[in-house]
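Asker: What follows is each chain in one-letter form.
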Amino acid sequence: MNWPETFRTGAEAVQAHRMRSILTMLGIIIGVSSVILTVGLGQGAQDEVKSQIDSLGSNLLVVSPGSTTSSSGVRGGFGSSTTLTLSDADAIADSSVIPDVKQVAPVTSSSVSLVNGTTNWTTTLVGSTVNWLDIRSRELSSGRFFTAGEVASSAPVVVLGSDTAGELFTGTAVGQTVTVNGSALTVIGVLESSGSSSSETSQDDTAVTPLGSASSVTGTSGTSISSIYVEGAAESTLGAAYQEINSLLLNLHGVTATEADFTITSQEALIETANSTNRTLTVLLGGVAGISLLVGGIGVMNIMLVSVTERIREIGLRKALGATPRSIRRQFLVEASMLGLAGGIVGVIIAVIGAQVLPGLIDQPVSLSLLATAAALVTSLALGIGFGVYPASRAARLTPIQALRSE
Amino acid sequence: MSEPIIELDQVWKSYETGAFTVHALRGIDAQIQEGEYVAVIGPSGSGKSTLMNILGCLDVPTSGSYHLAGQDVSTMTEAALAEVRNRRIGFVFQQFNLLASMPAWRNVELPLVYAGVPRAERRERAIAALTRVGLGQRADHKPGELSGGQQQRVAVARALVTEPAMILADEPTGNLDSESTTDVLELFDELSELGRTIVLITHEHDVADRAGRQLLVRDGQIATAVGAA
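Top to bottom, those sequences are chains A and B.
Counted from 1, the first sequence has number 141 at position 140 by my numbering; the numbering is strictly sequential.
Counted from 1, the second sequence has number 127 at position 87 by my numbering; the numbering is strictly sequential.
No lab work stands behind these hints: they were computed from the structure.
Bear in mind that the values here come from a model prediction, so they are computed numbers and not experimental data.
Please note: incorrect hints may appear among the correct ones.
What the hints assert, rightly or not - The calculated EDC-like cross-link candidates involving lysine to aspartate or glutamate, where the alpha carbons are at most 20 Å apart (straight line), are:
no., chain 1, residue 1, chain 2, residue 2
1, B, Lys-182, A, Glu-315
2, B, Lys-182, A, Glu-13
3, A, Lys-51, A, Glu-13
4, A, Lys-51, A, Asp-364
5, A, Lys-51, A, Asp-205
6, A, Lys-103, A, Glu-245
Said to hold, decoys possible - Short, incomplete list of chain A residues facing chain B, as computed with Cβ under 8 Å:
no., residue
7, Ala-17
8, Ala-149
9, Ala-153
10, Leu-318
11, Gly-323
12, Ile-402
Heads up, the beta-carbon is just placed ideally off N, CA and C, and yes, glycines get one too.
All chains should be built: construct the whole structure from the sequences, respecting the hints.
Answerer: This is how it looks when you write it as structure tokens:
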């Protein structure tokens, strides 16, 4: 029997027992769609993290204070010490020392309560310089950002994040006044929404003031800062900038690399950290889904064995009429792989539909990967073939007399 | 006389069943000429079914030789035997053995599928064979829509379609009522008159009487040959 005939016969056999074929495929369908969807969810989460981190700004390095060690030897976490100062930021900004840096924004941040009449809202008060807007790649939706003059004079002005403005004011925020710890700040602008959807690290719930204004409002010293945002001149020289800042700060602080009291993180490092968690989850869930795919394959084998037993007379007849063991084996193999592949195709269709529906239900983006889809399809076909081999060779080994005699 | 189409020479068939060996066939010698209509008759347990399996190339003898249309088939591999069955033998079974999911013509074309005949030609030949057995109008009916006698005639058409050297019928009337039996046996008579070689295995004497010659099998041997040799 040639291949087209074999395929036709296989398709007929699959169709002849439609219900059973569908139930057999179910395992493969569930396996394939869950593999594709878990990989898609993992990929979607990674994409989201990447876009969030990218939205921080481009070619960004963040210098944070290191940990403190108290006299009793207890070490605080990163950022617990106050080793970074404004002069560190100024030194980094000095282009004669570090040529690969484009601009620098020292940042202080503290949690404060903003009050507008009877409304109050707790948010992060960021103190910085004019460079902040550009380095963080932010835009204003209304009003203006503070000027270098206002930074120099520590003017009592504030720029609000879009969410913060929405919480505090019902109408236009620009021109209004908010009170922080008793000091009044004039709202001069509102930031454009960054489009980031994650609620925990919203870029839209913030208030930005000149450095000096922030420290006078919060009553902290004017020199210690919580981090320094550095924008590299170019992506290609970011590594060089990293090295330059590192050795400059080691020098300034008079410490060796092992005692460094600061850390420099790049976006890539942030993405990497976030992704490694995601990847673990994806691998775990994908593994579970993969096992269900395997179980689906065993289902195919089970049904094919039933099918061989049930069609033993047909096999005998076909052999009597001239089917060689090889063509019988091929017929059952084709049938099994059709079940596998058909299950795979239906699984892909369900995964594609799921990828449209799921984000609405669980608030998680799903990005379908072509590679994962193709791999799942190939796997389903391979499962069909792999688990079809044993039933098929059992069918092929039957002698025609045995097969014809059975009732 | 021309070369016999079937030539059995000291054919033995033995089965190992545990401690001892059962000899189902004990040295069968037989010759069947082209165009003969032979009935193989014998009580159950006589070795008649084993003989039918060997004649049908469904099994090979333990010793001895079997020539079918000049070919020694007693030492062939399974794949080679499959081809011989396909080309040389048309089977008619007691249980009809039609595939229920396929219409009559698809059942009839099945041997041609394994012979590698192109599709269009297959259908043409299948319809011709069905017409030959008087079922040309029923080609698209499934076996379930046909009477027992009609189903057996579809099976005969399937046996005819490859133009085999021999039609081997195993109790072809065993599952039929008397009217259908007459019907099918008349068909065999006609085919015999047209020069087909027919070997019919039966335990019913009135069925065997229609054949030109009877081979009586008893205890694994040919006991009597009735009729012209």
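Asker: Evaluate each hint against the coordinates.
Answerer: Hint check results:
A threshold of 20 Å between alpha carbons decides the hint, and for Lys-182 (chain B) with Glu-315 (chain A) the separation of about 16 Å falls inside it, so the pair holds. Restraint check for Lys-182 (chain B) and Glu-13 (chain A): satisfied, since their Cα atoms lie roughly 15 Å apart, inside the 20 Å limit. Taken as a hint, the Lys-51 (chain A) and Glu-13 (chain A) pair is broken in the structure, with Cα atoms around 49 Å apart against an allowance of 20 Å. A hinted pair counts as satisfied when its Cα atoms are at most 20 Å apart, and Lys-51 (chain A) with Asp-364 (chain A) qualifies at roughly 17 Å.
Proximity of Lys-51 (chain A) to Asp-205 (chain A) is assessed by CA-CA distance (about 17 Å); at most 20 Å being required, the pair is judged to hold. For the hint pairing Lys-103 (chain A) with Glu-245 (chain A), the CA-to-CA distance comes to about 13 Å; that is within 20 Å, so the pair holds. For Ala-17 (chain A), the interface hint holds, the least distance from its beta-carbon to any beta-carbon of chain B being 5 Å, beneath 8 Å. Annotation: interface hint on Ala-149 (chain A) violated; nearest CB of chain B at approximately 86 Å, more than 8 Å.
With a cut of 8 Å, the hint placing Ala-153 (chain A) at the interface with chain B is violated, because the nearest CB-to-CB distance is about 90 Å. For the restraint placing Leu-318 (chain A) at the interface with chain B, the shortest Cβ-Cβ distance is roughly 5 Å, inside the 8 Å limit, so the hint holds. Below 8 Å, beta-carbon pairs count as interface contacts, and Gly-323 (chain A) has one with chain B at about 2 Å; its hint therefore holds. Given hint, Ile-402 (chain A) at the interface with chain B, holds; its Cβ is 5 Å from that chain's nearest Cβ, closer than 8 Å.
Violated hints, listed in ascending order, are 3, 8, 9; each of the other numbered hints is respected by the structure.
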